[in-house]
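K.L.:
Chains as they are written, first to last, in this note's numbering: chain S, 19 to 729; chain H, 6 to 261.
It should be emphasised that the hints constitute simulated quantities derived from the structure, not laboratory data.
There may be inaccurate statements among the hints.
As the list claims (entries may be wrong) - SDA-like cross-link-like pairs, simulated, lysine to any residue; straight-line CA separation at most 25 Å:
1. H:LYS132 x S:VAL723
2. H:LYS132 x S:SER463
3. H:LYS132 x S:ARG450
4. S:LYS443 x H:ASP122
5. S:LYS443 x H:PRO119
6. S:LYS443 x H:SER161
7. H:LYS132 x S:ALA456
8. H:LYS132 x S:GLN715
9. H:LYS132 x S:THR633
10. H:LYS132 x S:ARG479
11. H:LYS132 x S:SER721
12. H:LYS132 x S:ALA472
13. S:LYS443 x H:GLU162
14. S:LYS443 x S:ARG479
Unchecked claim - From the structure, some residues in chain S lie toward chain H, with a derived Cβ separation under 7 Å:
15. ALA224
16. GLY643
17. VAL723
Keep in mind the model is a prediction, meaning the values are calculated, not measured.
No residue lacks a Cβ here, since even glycine has one placed at the ideal position from N, Cα and C.
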Amino acid sequence: MRSIVLAGLRAHLLRLVLTGLVVVLSVGFTAATLILTDSLDEGSRRELAADADGVDLAVLAPEDGPLPQAEVAAIADVDGVAAAAPRREVELYTVDDDGRIDPFGYARLVAAPLGADVPDDGVLLDRRSADRLGLAAGDEIAVATADADEVVALPIAGLAEPSSDAGDDPELTAGWAVVREFADPAGATRVDLRLDDGADADAVRAALPAGAEVLTGAQLGQWLIDQSSRQEALRIPLLMLGAVSLIVAAFVIANTFRILVAQRTRELALLRTVGATRRQVLRGVLAESVAVGLAGSLAGVAVGALTALVAGSFLGAALVLTVTATTVAWSVVIGVLMTVGSALLPARAATRVAPLAALQAVPDGADSRTAGRARIVLGVLGLAAGGLVLVAGAAAGTSGGGAGLVLVVFGAAVCFLGLLILGPKVVPPLVRAIGAVAARLAGGSRSTAELATANAVRNPRRVAATTAALLIGVTTVAGFLTVVESSRQSVRVVVDGRVPADFAVRTAAAEPIPGDVTRAIEELPEIGSVVQDGNGLLAVNAAGGVDGEDARAAIVAATADHPELSVQSFAQRRADFEQDLNEAVNVVLAILALALVIAFIGIANTLSLSVHERTREIGLLRALGLTRRQTRVMLGVEAALMGAVAAVVGSAAGALFAWAAVASVEELEFVVPWGQLAISAAVATALGVLASIAPGQRAARTSPVMALASE
Amino acid sequence: MSLQTSDFPGAPSAVLAPAVRAVGLTKLHGSGDTAVRALDAVDVAFAAGRFTAIMGPSGSGKSTLVHCLAGLDTATSGRALLGDTDLTALNDTELTLLRRERLGFVFQAFNLLPTLDAEANVLLPLKLAGRRVDRDWFAEVVDVLGIGDRLRHRPSELSGGQQQRVAVARALINRPEVIFADEPTGNLDSRSGGEVLAILRTSVRELGGTVVMVTHDPVAASSADRVVMLADGHVAGEIADPTPDAVIDGLRRLGG
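Generate the whole structure from the sequences, applying the supplied hints.
P.N.:
Structure representation (structure tokens):
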């Protein structure tokens, strides 16, 4: 049987390569997630371990507060201590272009580790922030303390590599003399010590203040790693997004195997008639899927490692490529299970065909079966039950805390599953409906469009499965876009305050804006109205006919003594917020695009298999007068119809699920992003057309003589 | 309503004018030393308004000849003329348009699109050309072929004979200059086969069409006005007003 399996693999290599590619992409993303997070972990672990390099002893501050300066000094003075580096991290405010404290801008000030070369009178700024802010050594960076009472300009003595914790905020490294000025409450959270050569560590320990926890250098390294947060926050959402691709991939693979097996029914039947048992045939098909799954998964791990490296360089994080055995094992298990699971049902179906009947049949891809009664009942039940839970969740949300959202997610999943189960019943009529519209619009190509529609629905299960892959992708994208747009609207409300206005005057201080400042602003001739917003924010409108920037400058001038007050146009603040939001949205969309790409391969695969099995039919059409161009158009329309159905149903389902999710969260306000939904629908349809190009080319080359060849 | 012979162009006023002919038509399969000469400088003409059968042993080149004359396959050298049009000078799109506008086809098997019903299959060449359907002509053809009660059926719901009638109806629907039939009775029992041949003969005698049919069945060939014999890529003889015995006799002489 093994030789037959190998022969089968060779004969169907191209189709299997496409299937393998789907495994590579979907497993690749999961592997990339695991490898990236592991590599980030490993990177920060090395960095933390390096932080403990050269530390002989470390004194930790007690839980109730930092070590005061007197104690820090005492520790440094202990006999046998060669050098002491008090450690502390302080959060500061950044300062905007007006020199005012930005209540939304933060910077980290970090006390330098032992042996670091830091000047006493300045700070080191991380390179990434220096590039972004256009600062260099010799410039100053303005910051403010956490209590926002004064703005301090710190001289930049040099630039440093950002740490893995740096994020997007400026990271300042400085000597203890600088950092202690900003620490509130004052003192160090830790003091790292280097001992004199030959000093007795025990003697030093004994001389240290009683009650303080003291670690060796090695213990400190471990302690730092234990304290550090692993990349779970990144890993879980990424894996969830990756799951979308895996589900789409499972549909594509199952569909491919179903078509492959259908086309090979005769071949398999021949094996049966010459003596292969049902089990042997089943094992043969499964062995083929194991081979594809295994090869695809391993390639996926390699692709994942590359992706992780590229993504890591974009994140700009210190990353040490780490491919653990666990990662490889998970990837292979997921890839092989997905492939074999997808091939199992088609393989069973293939072995159930009576050998003689199968030998006589000419496969032409036609299979009018839609759905059995059990399937319909199950689908309708899923749709109804899911819908009910969804609505219940949406209704409960505003009253019942977070439970509503959980109900909505669960309901949406069940509802969608019902929709997929009903696919063979639901998709063909939709294809026909859209096909009829397309035919009407097609004018001269009307008959081509009609042929395409008839082709698309000839096998309801196949068209449903092909569409399902794209449907999952479009639904996810549409749902995500709608939730984002709704959140964006809600963020606008929060940022803008309840009162629409031109400017917001905010304070970074704990105290409200003083009344005399408010009055001073009100009395400015450039100012029309001033309203106290509930959030301790002044909503200010310029007087009629006054240029916005002039009015803003007037407020800045009038509040010159108050660095804690920032004056910003709402438009600017909104733009800043939306830029941040858009960056996050684009990352998620890029990941979801992977699912669309996999669905795209699925359509291309289905079409090329269909062209293969319809060779004679296409030859006949060519003989009867279908031009090459018409052949390509026919395939294009067939693919576009599948894309369009996925686009329409997916957008509707995504928007519905998003509505329920938004309704279950009190702060959010439902908004339908019509434009974006239209774009995502157009992309889905275009993907279909794109997928038809290669198969269409092959179909167009079909010789009409093929139709005349009798067998 | 009676059928007018003028329904078909090229017939029958000049009965002896060739509707289609081959001039020095040569077709090589493969290349170099392994090349097979399927057609070797064949000169033959098929008169308009006549029913001609092409016969010959397997590998004689009879199917290749028809494929080249029908613009389905390209010749290596020589000319294939449909009326005054040299098919060998046309590109793929021009050949395709010529097929759907000026020719009709009946194949041995797999003549119909499984996704379309009988009526849609009959009208397919017109639809592909974006041409208007002449409903009177359609009714006429359907009536002659006796498929009026089968128009809504899919091919899978039709018998082999019924499928071939639909195929003949489709070949007639665009009033072609020539209908090419490649073993049209090959897959049928003798009764259905006889019916299809009768219909082809009717379309020549009464509708004024021109039919060129490839067959290996002497009885089928005897339905024609004339039989052209092919052997080894050459025209090996012909029989006018053939009887089955004459055809069998002719074939035997080819073999001997």
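K.L.:
Against this structure, judge whether each hint is valid.
P.N.:
Do the hints match the structure? See the list:
1. The straight-line distance between the Cα atoms of LYS132 of chain H and VAL723 of chain S is roughly 21 Å, inside the 25 Å bound, and the hint therefore holds.
2. As the CA atoms of LYS132 of chain H and SER463 of chain S are separated by approximately 9 Å, the hinted pair is consistent with the 25 Å bound.
3. About 18 Å separates the Cα atoms of LYS132 of chain H and ARG450 of chain S, which keeps this hinted pair within 25 Å; it holds.
4. This hinted pair checks out: LYS443 of chain S and ASP122 of chain H have alpha carbons roughly 21 Å apart, not beyond 25 Å.
5. Distance restraint check for LYS443 of chain S and PRO119 of chain H: the Cα-Cα separation of roughly 20 Å lies within the 25 Å cut-off, and the hinted pair is therefore satisfied.
6. At roughly 22 Å between alpha-carbon atoms, LYS443 of chain S and SER161 of chain H fall within 25 Å of each other, so this suggested pair holds.
7. Proximity of LYS132 of chain H to ALA456 of chain S is assessed by CA-CA distance (about 16 Å); at most 25 Å being required, the pair is judged to hold.
8. Only pairs whose Cα atoms come within 25 Å are accepted, and LYS132 of chain H paired with GLN715 of chain S is accepted, the gap being roughly 22 Å.
9. This hinted pair checks out: LYS132 of chain H and THR633 of chain S have alpha carbons roughly 21 Å apart, not beyond 25 Å.
10. Note on LYS132 of chain H and ARG479 of chain S: the hinted pairing is violated, with a Cα-Cα distance of about 28 Å set against a maximum of 25 Å.
11. Distance hint between LYS132 of chain H and SER721 of chain S is fulfilled; the C-alpha atoms sit about 21 Å from each other, no more than 25 Å.
12. Pair hint LYS132 of chain H plus ALA472 of chain S holds up; C-alpha atoms about 14 Å apart against a cutoff of 25 Å.
13. A C-alpha spacing of about 23 Å is found between LYS443 of chain S and GLU162 of chain H, which places the hinted pair at or below 25 Å, so the restraint holds.
14. Proposed proximity of LYS443 of chain S and ARG479 of chain S is supported: the alpha carbons are some 8 Å apart, at most 25 Å.
15. Interface hint status for ALA224 of chain S: violated, as the beta-carbon distance to the closest one in chain H is roughly 93 Å, over 7 Å.
16. Checking GLY643 of chain S against chain H: minimum C-beta separation of about 2 Å stays under 7 Å; hint holds.
17. The beta carbon of VAL723 of chain S is positioned within 7 Å of a beta carbon in chain H (closest approach about 5 Å), and the interface hint is therefore held.
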